[in-house]
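Student: Residue numbers (the working numbering), protein chains in the order written: chain H, 322 to 677; chain B, 322 to 677; chain V, 322 to 677; chain X, 322 to 677.
Please note that the accuracy of each hint is not assured.
[Claimed, not checked] In the DSSO-like style, the derived pairs of lysine-lysine whose C-alpha atoms are separated by at most 30 Å in a straight line are: (1) B:LYS327 / V:LYS327; (2) H:LYS442 / H:LYS327; (3) H:LYS327 / X:LYS327; (4) X:LYS442 / X:LYS407; (5) H:LYS368 / H:LYS442.
Hints in this document: simulated from the structure, not taken from any laboratory. Keep in mind it's a predicted model, so treat the numbers as computed, not measured.
Protein chains: 4
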Amino acid sequence: MTSSQKLQVAVIGASGYGGAELVRLLAGHPQAEVALATASGERAGAKISDLFPSLRGICDVACEEFDLERIASTCDFAFLALPHGKAMEIVPPLLERGIKVCDLGADFRLRDVAVYQEWYKLPHSACSTLQEAVYGLPEWNREPIKKARLVANPGCYPTSAILALAPLVAADIIERDSIIVDSASGTSGAGRSSFGLGMHHPEVSGDYKAYNVGSHRHTPEIEQALNDASGKTAAPLHITFTAHLLPIARGILSTSYATLRQPLDTASVQRVIAERYTAEPFVRVHPAGELPQIKHIVGSNFCDIGVKVDTRTNRVIVISAEDNLVKGAAGQAIQNMNLMCGFEETTSLHGAPVFP
Amino acid sequence: MTSSQKLQVAVIGASGYGGAELVRLLAGHPQAEVALATASGERAGAKISDLFPSLRGICDVACEEFDLERIASTCDFAFLALPHGKAMEIVPPLLERGIKVCDLGADFRLRDVAVYQEWYKLPHSACSTLQEAVYGLPEWNREPIKKARLVANPGCYPTSAILALAPLVAADIIERDSIIVDSASGTSGAGRSSFGLGMHHPEVSGDYKAYNVGSHRHTPEIEQALNDASGKTAAPLHITFTAHLLPIARGILSTSYATLRQPLDTASVQRVIAERYTAEPFVRVHPAGELPQIKHIVGSNFCDIGVKVDTRTNRVIVISAEDNLVKGAAGQAIQNMNLMCGFEETTSLHGAPVFP
Amino acid sequence: MTSSQKLQVAVIGASGYGGAELVRLLAGHPQAEVALATASGERAGAKISDLFPSLRGICDVACEEFDLERIASTCDFAFLALPHGKAMEIVPPLLERGIKVCDLGADFRLRDVAVYQEWYKLPHSACSTLQEAVYGLPEWNREPIKKARLVANPGCYPTSAILALAPLVAADIIERDSIIVDSASGTSGAGRSSFGLGMHHPEVSGDYKAYNVGSHRHTPEIEQALNDASGKTAAPLHITFTAHLLPIARGILSTSYATLRQPLDTASVQRVIAERYTAEPFVRVHPAGELPQIKHIVGSNFCDIGVKVDTRTNRVIVISAEDNLVKGAAGQAIQNMNLMCGFEETTSLHGAPVFP
Amino acid sequence: MTSSQKLQVAVIGASGYGGAELVRLLAGHPQAEVALATASGERAGAKISDLFPSLRGICDVACEEFDLERIASTCDFAFLALPHGKAMEIVPPLLERGIKVCDLGADFRLRDVAVYQEWYKLPHSACSTLQEAVYGLPEWNREPIKKARLVANPGCYPTSAILALAPLVAADIIERDSIIVDSASGTSGAGRSSFGLGMHHPEVSGDYKAYNVGSHRHTPEIEQALNDASGKTAAPLHITFTAHLLPIARGILSTSYATLRQPLDTASVQRVIAERYTAEPFVRVHPAGELPQIKHIVGSNFCDIGVKVDTRTNRVIVISAEDNLVKGAAGQAIQNMNLMCGFEETTSLHGAPVFP
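Taking the hints into account, I'd like the entire structure generated from these sequences.
Tutor: Here it is as structure tokens:
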């Protein structure tokens, strides 16, 4: 396949970590290539490899200001890696011009506009488009993704939490309102332009803290997906979700707690999860007795899951680890692109974790 | 006061991090001094400042093999920083010889011998001595500590969890069996001689993982203290406790969850905790809306506490941060010594956190 | 001594790391206290403990906008922790009003105005005041410091490099133009408000890089002090200095290279350095064969020095470690204050390194 | 090409970081595959993915004890990742059996047996085999590597230092005895079984130190290669080399100093280096004014080089960054395998750096 036969991909918002990770992973894709990249402000005009010297010699595409018609005339597919509120403006015209879209932001993840507006404090200006968006978690939504024009790529925390908990909710073995998700993320999750004390190296190095406690915007996204998995959307469940900031660059580990409806041992619960994911290329369920750790997935598209039952309290503890920029963002987005475009789902996503 | 009038202190087990921290803090104590230190194996004979070059010029006492009579003839007070199972052998004879003891290990923390044996897989050989041991959490046990000959210094995780949750249990505002404690600790908590993959720098750096899930030995210690605080020991509560390993050297942050018996807002719960600790020199309760972080307490004897109510799920989230080697070990031990010996409680513990 | 009898100290520029470290260390000073603190912009009005929650309960002084007359009427002594160019404006009027000053910035370090202007790209507006400024490295300038009204506190890198190399230059055992100083610093050296990619946690974590190569402003400061130590200012030496950024918050390690004029072994060179500092309370010269490391001095006012001769190339390698915020900034400033005010030189600086 | 047509590769010593990295990179190689892996002691029998959970699902080959005949009957090519002294025993019989070898250890790097014995304190038992070994730095030795049966893969530090300095030595623009190499490495360079205080996380985290000063075994290796590049082996040059330990897992940055024979500006020196490497796929020479950093090469086979002339002292400073486990070990080894076996040199080595 020559270059011109490859899927022509636009990376809208290429100056952030999600954009750079898309470029890194697409560099190894035999059927797609970055045809166009956008960045705003002073970053427009710069080559991606100027913004990210790690990519020197790998992608020297120059970033442009966003230009709808130019994208429409050049590209077949667009990834959007933008702050929330931006995607809703440009997705409808992109779709109109026949471009398939995978949006890495939040604008099309929540089906209920009222919920979006409550958590994001923003009116939603593309409600009708929202109706056709497909939530892009392939392990739970593969067929709809294949047919979608617009996929909403899941958030980083939700991916880890949903993959861990949805099998238990689907199997109806946990108390629906007992779920607590306690997550920790590396700092790349905050993005590349969020300068301030909160990301200032001397303050983060050696530190650990919780943030947005009780109000993190990924909460309703996790709830929506678990409610979908449960099949009981009439009586929606609610969860408590706490995010913490780890003094590392990459990776998320979520420790999720739930009360078992009936006593079960670790092996039984492990089996429920393992069987659900037995054919999944990117979910590795650990044998009973082994638990995942961030270091074992960094750089890869894997989500590793392990489980332990605390028989004294009849609670199950599910631990899931993923790279927030890969399975939690760009890797999953490419997995969705592969599905949407009829490519082999795992294409360009085979890279093993970089350990140690 | 001349040197000879100072309290003569033995540090039994001076080659570990707990021992070194005792030495660091005692170096600034005007009424006590390290008269004798012990270490075993090849470390005996070495000066403390050889084992810990950080202490060069600060404490050049040479470590000796443990010798009961020599300690008895030289010292007034002994800190024990030993692996579990060792203290129970030497505490009774030390007490017999009139030496007051603060044990930083686990042997005298659990009043119920059966519980000790279940969790530590070891028979307890000093059951009668155990009866007189006082659990050394000054904020909840100050008067008994003052009169004690033997104080069991709390574990690092328990200190953070109990200080956070005991006010809520005592005020009876949370569902007793709803407590989940999700903690993260720096690696110094594992000690200085625990070599192996689990503490090998390349494996820990950039990593985060849970360990001893559902079986951590600090679980019954937290339960015992919370049951004491509740005053309802007839129907003991049980908790789920999960420990995680942070890729930093020092500090613990515990995120504790509990269901409120009645709806309360953040300010109300904050008030319950703040009022409980209003006179405490080492517990800093944050105003509603602010949460603690590890970096703000490192090197100090403070435990910082913050709280948030998740009104959607009626759960309270209490976050507590402490330095595992100070308030979680050596600092609290010196606080106990000060109480046991009639010194001002805060002596030598004023050092501000080292930030950033 | 009651509070009112204590030296009343102003911290001008209390919102940075240097300012906070002054407050931390002064909190333990029996003869001095923070009477006034300044911060500019939105930080004025905030309590120091709001800016630095680590200092909650330790220093709750509210920051004010800079007001010369108020400082003059309230304080006896002022520490200046300001960006370069600012101190030269306010030092002359402070001195006129009888306030002694220790300036932690660069404005009064270089005696030669032309050199200042060349490296700092700024005209010097206080040339006559500059003449009376004393370079505040007590180990090489103790007596002048005692008599000074104005002390220029050394830079962080220079302190480590000068303490390491000055004894060799003074003893005339190295080739004067052979000196290379290769240093690495933690990120707190960049200050608390230098937001940007260069200090963004995801970019610094796991990284190591050189910066300002061949043009770092600490270069002429090191040269000036070494030329002073050599006593041969007619033929000034020049050095190569390279700074690197470590992915840690605190500490500097300098590896300095020089060619020996005559072959000497490690023990001989070690002796030259050790004898020079034998009476110094804050310089710890390691025995031949042992080398310092950052972790052994963090949080303390020590500078540790070790040496090795590479006999194959006839070069000496001197390694020095210090905490950039203590001996490299606030600790040394207080050491200078102690000397200037007739206090015991080590007062409030006894704190042992916080290890690990 | 079916599996059986692929080059059958043995990884001798698969339980270390070098071995795991070979497996990671070979997993993406279309013309070669891991046919056999060895590990000794209790690790024999374990699957590679048991030893390295990061490789679960990627390589499940079980490790065996070393068995010469089994390797000979199964494999075409062997990588050796063994402690020094071991390879010299097994390389001769492997070669005899027609197996090509790339040795990642030190046994075949130094052509002069006396030098080997002086630095490694070990007699060399395979002197005649040593004569045919080719030093595996493709950028300087490509043609001999293509014809070699035995390639000695360069050390991690030497790769970074030689790539940086050899162009200057070859162009004869620096004083031959003026070279100082000041390097810093992540901790994975120490291997996976080097447990002890030196690699204990609490001691390394937040630290930085020099080690093996004046005696590091990579010194003669750098000297040999630079002497080769200079073409003046009659009067061999000597260097000073200092290694430091960074508190990160991966990456090396070397800051090399040399005195220019004639004054040159940065652009001129940059041109010398850039032109030398213009056709090299894995050496990225930065434009004048830009310098490399570790974070931009982690996970990749790149060595990035930047240069600055310090005109005040007439010294050139060359900075080079590489991943110690990739270009400094396994990546370069596969690059050598590709050359030795007639594959495209860059096969399976295209992976972009994992940033941030």
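Student: Between X:LYS442 and X:LYS407, is the straight-line Cα distance small enough, at 30 Å or below?
Tutor: Between X:LYS442 and X:LYS407 the Cα gap is close to 14 Å, so the pair holds against 30 Å.
Student: CA of B:LYS327 to CA of V:LYS327, is that 30 Å or under?
Tutor: holds, 28 Å
Student: Holds or violated: H:LYS368 with H:LYS442, Cα cutoff 30 Å?
Tutor: violated, 34 Å
Student: Would the pair H:LYS327 and X:LYS327 pass a check requiring their Cα atoms to be no farther apart than 30 Å?
Tutor: With Cα atoms ~28 Å apart, H:LYS327 and X:LYS327 stay inside 30 Å; holds.
Student: Quick one, are H:LYS442 and H:LYS327 close enough, alpha carbons at most 30 Å?
Tutor: violated, 40 Å
Of the numbered hints stated above, those contradicted by the structure are hints 2 and 5, listed in ascending order.
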